[in-house]
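> Below are the chains, spelled out letter by letter.
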Amino acid sequence: MRTSSKARAGQYAALLAYLVFLAFPLLWLISTAFKPPRELASLHPTWIPKDPTLANFRQAFDEQPLLHAALNSLVAALGAAVVAVLIATPMAYVMARHRTLLARAATGWVVVSQAFPFVLVIIPLFLVLKNLRLINSVPGLIMVYVVWALPFALWMLVGYVRAVPVELEEAAAVDGAGRLRTLVSVTAPLLAPGIVATALFAFISAWNEFFFALVLLKTPEKQTLPVVLTHFIGAEGVADLGPLAAAAFLATLPSLVVFALIQKRITGGMLAGAVKS
Amino acid sequence: MALVSATKEPARRAPRAAGRTGRDGRAADHGAWFLVLPALIPILVLSVGPLLYGIGLAFTDSQSGRTEPTQWTGVLNFQDLLHDTLFWDSFRIGLLWAVGVTVPQFLLALGLALLLNENLRFRWLARALAIVPWAMPEVVVGIMWRLVYNPDAGILNETLRDLGLGDGRDWLSGLGTALPAVIVVGVWAGMPQTTVALLAGLQNTPRELHEAAAMDGAGAWRRFRTVTWPALRPVALAITSLNLIWNFNSFALVYVLTNGGPGGRTRLPMLFAYEEAFRYGQFGYAAAMGCVMVAVISIVLAVFLVGRLRGDEES
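Keeping their order, the protein sequence lines are chains A and B. Each residue of the first sequence is one higher than the last, beginning at 1 in the UniProt record's numbering. Each residue of the second sequence is one higher than the last, beginning at 1 in the UniProt record's numbering.
In isolation and in its complexed conformation, chain A is listed as follows (with noise of 0.2 Å):
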């Protein structure tokens, strides 16, 4: 199609518009992670630290129990994704491939469960946890993170089963080969990256989750990296910004290195189940 290059004109100034609006918070959280704290008082801040420095990173590890929480996070992060795509996996199969009355109900489940409320599900699990004296610790949250992350991970893999042609297990069949030997030399194997994607997505979701962890964590050696994060700032939401950026920067690489890796296969995958159908 031809576009006059009034409207192109056009068309570049809001993609202009479009990219201050997405990148300038970020630029700033940049920017203010690394300025010396007088840069930081002066009443006319600069978009650019004049004086760069790496004191506030230190000062965000003194103060607050940092590589303890990312390491909480980590574990919590990988425990959820793995146990996640482990047990979503068949399921999605069967969601897929089946039109049984379960399957139908499991869809309606993924549905449903964007719906509710967590408080209305936080209330009961914090009070069946308690009695399993699984507050306060990592496998707990692992255990609610897992369950909070199947319904996207189960939509996703649904896509991806049936991106995978029925034909060559149909082939596998005939050529003698029992189903779970279908299942697990023919479908497996081509079903392993969208698994990769789901559980990077899982891992993501996890690591940046917050509510469960603020509810379900009661001591600093347990809680993660999120819920750290809000120590920085004080009672009466006074913060020192320079640390503050600093430990907030961090924690977010490497959400967006994974991401950056598996971008295009979430939006596919997500979308390859449901719009193209």
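Simulated DEER-style distance windows between Cβ atoms: (1) A:Ala188 <-> B:Ile55: 38 to 48 Å; (2) B:Ala218 <-> A:Arg38: 58 to 68 Å; (3) A:Phe61 <-> B:Thr85: 41 to 51 Å; (4) B:Pro104 <-> A:Leu180: 44 to 54 Å; (5) A:Ala41 <-> B:Thr177: 18 to 28 Å.
Simulated from the structure, these hints should not be mistaken for lab results. Don't be surprised by glycine CBs; every beta carbon is placed ideally from N, CA and C.
With chain A fixed as given, assemble chain B onto it according to the hints.
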């Protein structure tokens, strides 16, 4: 997040799994159960169970750290809620916030998706940036915007001063500015999912239709109304209803930005229920709030379903 495209049940009939109706048909069905159980048990124990338990709690006087046993109190919690003006304030704020975020977010995301669908230079950069908010922890998004809004060291006020637009103010603490200020953050944070969903919808509309319409001399607006929008409508409806629900239920962003302040002006229902449950220990009462929220969300879902059915009839 994953339900961005829950627009239509796949029309394609589920193909028969190998051997399902063949000689080992029975074995295959047992196999299906075997495959489903590892996920089904945690779902029942940690999701469906707690949900029902939570609804049950709404009819009790359950409290944390109390020694006497919990009693059934029937609809007492709901009667109390009816007269709890603070709750209805938060409810109203929750609706304002949900609509206030969802509508501009949709319009902005639609614009961005249309731009990204064009053959523009630097499109890749916008695409990459448009995803960034999605990857960031909500807590970090909140912290980041606190830095932007900071009355002294923030870039917003400095920019306004540079542009000669007044001396700036403390956006997050002002009674009138706090809610609009957090809404802007909500719009920013939720742009990616909406943009990606709409972009996928756009890429699904056949190019030939556009070209045919252009040949017939239809202008950009007409092409949008007659070709783009009808194809986009199911995705738009799905993402908008989900955004309304997600935003109504949101917590972390506003917890970090204002923690419900100033004077409760940004106290979303989830923040209110959280305080009630985990600061004051009123589990039963907070569960009742959750039930009322579910009721409202069900209405949104119902509207979405009706819209979807009507859309199906039209097409």
